[in-house]
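J.: Work the whole structure out from these sequences, hints included.
Residue numbers (our numbering), protein chains in the order written: chain Z, 1 to 728; chain F, 1 to 728.
Bear in mind the hints are in silico, worked out from the structure with no lab data behind them.
Take the hints with a grain of salt, since some may be wrong.
What the hints assert, rightly or not - The calculated lysine-lysine pairs, modelled on PhoX-like cross-linking and capped at a C-alpha distance of 25 Å, are: (1) Z/Lys-673 / F/Lys-660; (2) Z/Lys-686 / F/Lys-660; (3) Z/Lys-686 / F/Lys-563.
There are 2 protein chains.
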Amino acid sequence: MPHRTGQRPAYPEGSTIDWLREEAAERERQRRLHAQRGLRGLWGVILDSAIMWFVAVATGVGIGLAGAWLDILVKWLGDLREGRCAHGFFYNQVTCCSGVDPGELCTEWQTWSETLHVRSIFGQSLLQSFVYMTLAIAFAGSAALLVKTYAPYAFHTGIPEIKAILSGYVLDSFLSPWTLLIKALGLALSVASGLSLGKEGPLVHVSCCMAYLFSKPFHQFRANEAQKRKLLTAAAVAGVSVAFGSPLGGVLFGLEELDLFSDESDVMWRGFVTSVIAAVSLQYVDPFGTSKLVLFEVTGVADTWRAFELVPWLFLAVIGGLLGSLLIKLNAAAAVYRHNSVIRDWPILEVVGFTALTAAVSYLVVFLRVQSSELVANLFQECDPTKGDYHGLCNPTAIWANVFLLILTAVTKVALTAWTFGMMVPAGIFLPTIAIGACLGRAVGLLTQGLHRTYPKSWIFSSCPPDPTVRCVSPGFYAVIGASAMLGGVTRMTISLVVILFELTGALSHVLPIMISVMVAKWVGDAFGKDGIYSIWIAMRQYPWLPPVDFRDRGETVARVMKPAGDLVVVRDEGQCTLRELDTLLKAHAFRGFPVVCGEHLVGYATREKLEAAIEPLLEEDAASGAQRSCTFGAQPNAADAGIVNLALVLEEAILQLRKDVPLELVVSMFQKLNLRHILFTHEGKLTGLITKTDIVWLLTAHFPSLVERNILQAAMYILLLSSPGLT
Amino acid sequence: MPHRTGQRPAYPEGSTIDWLREEAAERERQRRLHAQRGLRGLWGVILDSAIMWFVAVATGVGIGLAGAWLDILVKWLGDLREGRCAHGFFYNQVTCCSGVDPGELCTEWQTWSETLHVRSIFGQSLLQSFVYMTLAIAFAGSAALLVKTYAPYAFHTGIPEIKAILSGYVLDSFLSPWTLLIKALGLALSVASGLSLGKEGPLVHVSCCMAYLFSKPFHQFRANEAQKRKLLTAAAVAGVSVAFGSPLGGVLFGLEELDLFSDESDVMWRGFVTSVIAAVSLQYVDPFGTSKLVLFEVTGVADTWRAFELVPWLFLAVIGGLLGSLLIKLNAAAAVYRHNSVIRDWPILEVVGFTALTAAVSYLVVFLRVQSSELVANLFQECDPTKGDYHGLCNPTAIWANVFLLILTAVTKVALTAWTFGMMVPAGIFLPTIAIGACLGRAVGLLTQGLHRTYPKSWIFSSCPPDPTVRCVSPGFYAVIGASAMLGGVTRMTISLVVILFELTGALSHVLPIMISVMVAKWVGDAFGKDGIYSIWIAMRQYPWLPPVDFRDRGETVARVMKPAGDLVVVRDEGQCTLRELDTLLKAHAFRGFPVVCGEHLVGYATREKLEAAIEPLLEEDAASGAQRSCTFGAQPNAADAGIVNLALVLEEAILQLRKDVPLELVVSMFQKLNLRHILFTHEGKLTGLITKTDIVWLLTAHFPSLVERNILQAAMYILLLSSPGLT
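T.: Written as structure tokens, this is what we have:
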């Protein structure tokens, strides 16, 4: 007879964990830990807690350092496309020129044409653009090669997979050390290649890989999938914290987007500590030499904003919602096209070709040529005559030219990003989205500022200070608004976005406009489909993840969706069931679990893993007679005497039973809130039906195109199909 | 036959709402709203959303303005104890002297002895202290009189009740307009009286009252208890935001302490918007004329902290945990003593007497005499010779005297607060706790600073800058650490406390020490009992609120705690049950609901309200024969033909059924997570037992002293007893 909490079979890759079981196992472990008396007991409890904090803190420090190292590597690789340091090959442009006094010309940093002593203008341009493109292709190509060869899961942003894993999906190879290494290295290469992608999302993935690596030596995480996931949540939060330099934003991202804190404030606290430690580690290394945490500091913004500015801001919010939806749809269409065409078989060639195209297009427009992060940093800042003109952005005579260039940049970036996000390289979508929004926002800001300068006496601008030299319109803040709106449209996040952008600007008086723009962009975007980019990718890759949407059943009950009792494969506990019959049943059907009935009455629910674990030793023990032994699941008092095997302990401890005439909405929301795997339906004790998580996922995501790849995810899909008794 | 979502009976005061039912009703309402076609349908949806946002925004603006008004009123009343403005009676000291140039003496503000032309030093002291004490007594006495006469629920902080209400308890009179008015007015009076209390907690109560008032005209809130509670959550968040000038802290307080965001990110978003609007409204009024949101700005703190400082900070954290636990225990003992002694019958006299005592003691020590908020503001600031010496705190020759005075102040305040928090006046415990912690922290900071000044060359201080004029130890920041530790010890909050204090200091580099001190204080405090001050008060007043503690069952199953089937009063659905019998059953037993069984088999669960609502019209309709009609709860196909009343729709839609051998822990955690009212236990369809929320609350809070008052809460307790079938 298997022990109540005996060996718990490991979950196969692609299955969904049973939260109730994992929580029960953890409770049992805690109970045993606390039951030990004396010094040894105390030591056990302290050690247990210390291990947990050690892993969390190590992850925080690790991701903080990794983020800083990545920044330095990207800067160096990126600068290498332009030239090299005469001082030493491994200095980037900033450190190379750091010894130079302000005003003095930095001669140590040499462009490639200077290094190779090319004099003619034509020759210089040709050489520079050739090196720029060659290195871009080399970087992106090697990133794709690394990903394809060593760690296929290191491609893309990783956030959809993290969301699926945190909700209970088992995908350990997604978090392997190889994936960690390749993702970090490939990310540096792909960002430096100048493709339209960011490092933010992949950093979250890297952080989770790190936590997984650090947790592996410790039994408390290795043996419990729920504990592992709680740790991964903290790691994901720390990843966001480092990516945006926003520890609070990270916590709220965890709350809103990863949706796993709901049950325990301990998890939230751990995430917060990890997040702050990661931010402090990043600040300690100080990769940009500014000793500031914020990536895109907003400077010189006017203290107050005027009511008339709400008009351009609302315009930006609407544009952000529309363009965000468009970007999502284009990206999904590109992914489906790639999946169904010949491109799929040549991923590295695709990356190389598209990098060449991106580099060629980008080299022509100055705002596209610079690194996206540099572009955003400049767009967010107000013009300050003492600090240079930011690629001509601050030239007051070239407003129309700048507006045209900014809009051109935005439109080009939408097209480039839609294709790039999904190629075989690590790629985040946050930064390109911010860049697109910032370009549009700055353009609108420049126009508004131009209008104010041309008609300073108009009634519209009556709330501006009368002194025309005082700044009334801050185009840099318009860029922030544009970025907020665009992010709102693409990710459909709300509060965590606002907090991230709030930690960037720091001014409480400017939170309201950011909030309004995010909210309006989300509303506008929701009119064209409620799902953010991550939900779409989860659905396209068919992970068993329930979107937190408000499902409306229009009066339907669960009866239509559930698998009725007559169609279910059940274990009959009517006294004459032998072990051999059970074994045959298990071999004949691939379902994950079976309801146990006596007559029509429901006795319980037994999972495949537990049934197999209970039967196999008995069958092996006595191959001949063992198979003939009868078994029962009821608590028959004289079962042991009669030689009947009592399998009552195989049944699940807690099964949820509902009536089949409950509204479908209620069932969907129970699955969403309770992390369930199945619900049984009974009427007066008689089994009437069964519904599984997979049924609900299919119900909610049926309208998405599917994108399950043959080679990588075939196995996962196969298992998914099996786990759904309703769909064979 | 009652309609599926027909008239839903209102919940009586003191009951617990059924979240599933309320959510279902809201879903049904939304469905009907969205089912309407055309412009009218669109208008309905927009109006519905607009009403929700209108109420949320109105609450935000309302509490922001109320908070500002309260600050102004308190400042004026408080200053009135010292003197008056010759300019006009209604100016406080700051506004009275606002026209005076810096350096010039303010002659417009006159102390009472100046006004009455008392010349002798003795006469002046006597007059000043007499006015001080008389006004203190008058303020506190009138606050108590107002509370006692008009709104008994306006006493105390209100946070325990808010927590109970948000978790589903029905206590509408706690949110009445009268309570709103009396609480706001009484709060101003009691704060101005100089009693050891703060305005933070009560502001949360005021905010909730306001939201309740604003929501009353609208059917969507009035008719749905769940929607009302979601709105109240946003209001509570806004209250914290205004109380501490910390919009993000408010959101995280809502998450951690009120624990209601878990299900819907919409609720969180609404809370965030309300919170920011409240903060902006407060900032707009700018009650202190500083145009800063922060209450206790920390200035002049050194940029970095040194490792040796961790020693005094850890010491402060341990002290905070110990003293916090002591304060909780003293406060609970005081409450029990008050409840069991004759004092209970003379609440106003108690307030007057204790105010006199407080005023007499406070007048002797300068740190006690000033308003707590002013004291904290000064303790948090570094000494700056240009800004005055803060009641002698910055006198470098009086370190020992100051340390003695600070410790004396802290100890006195612990004693005063332990009694004050629970008297018949509106009173928050946040500010006194902060003040106690800040005093201790500043004392430790002064000692450390003194040590550094005496032995600047010691190896301990080797990390300090060699220049002795540069500040190495910042006693103001030690006060912040002390306040964090004390708050951690008293409230046992973690992340929201850190964020609130983080928004006060603003320095990311100093979050780590704050975090460590809160964590250590909580750990130390938890060793003396896991519950924070609010949990204790909830338990003492016996609200049906489940503390989010980790319950450990030591291997016990639910079988011991549940009410076994044999002891339950059930409705038998065996064909011959008549309406009269049902009516008799309902009248004979006061339980909230009844399991319906057929033989031993569970058919469903029917609540008293729904049963009564279904039966009464039938009985009235036809008094003679109606009562003789049989009824059934099963879906018998030919029931209608035979004239049998089909009550199947009276049964609860979703009932949770478990097996009775599940661990008790699991059942407790299901109640905690799912907001359930009861769980039924079945075995093969047969009813084996029942457990209600009240049973679980009693299980978890049995170790607390009870404090249910005869007059006010007797009714609530009576209903509570009734609602527990297991305890009659």
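J.: State for each hint whether it applies.
T.: Consistency of the hints with the structure:
For the suggested pair Z/Lys-673 and F/Lys-660, the alpha carbons sit about 24 Å apart, so the restraint of at most 25 Å is met. Between the alpha carbons of Z/Lys-686 and F/Lys-660 the distance comes to roughly 18 Å, so the proposed pair stays at or under 25 Å and holds. About 24 Å separates the Cα atoms of Z/Lys-686 and F/Lys-563, which keeps this hinted pair within 25 Å; it holds.
Comparing the model with each numbered hint stated earlier shows that all of them hold.
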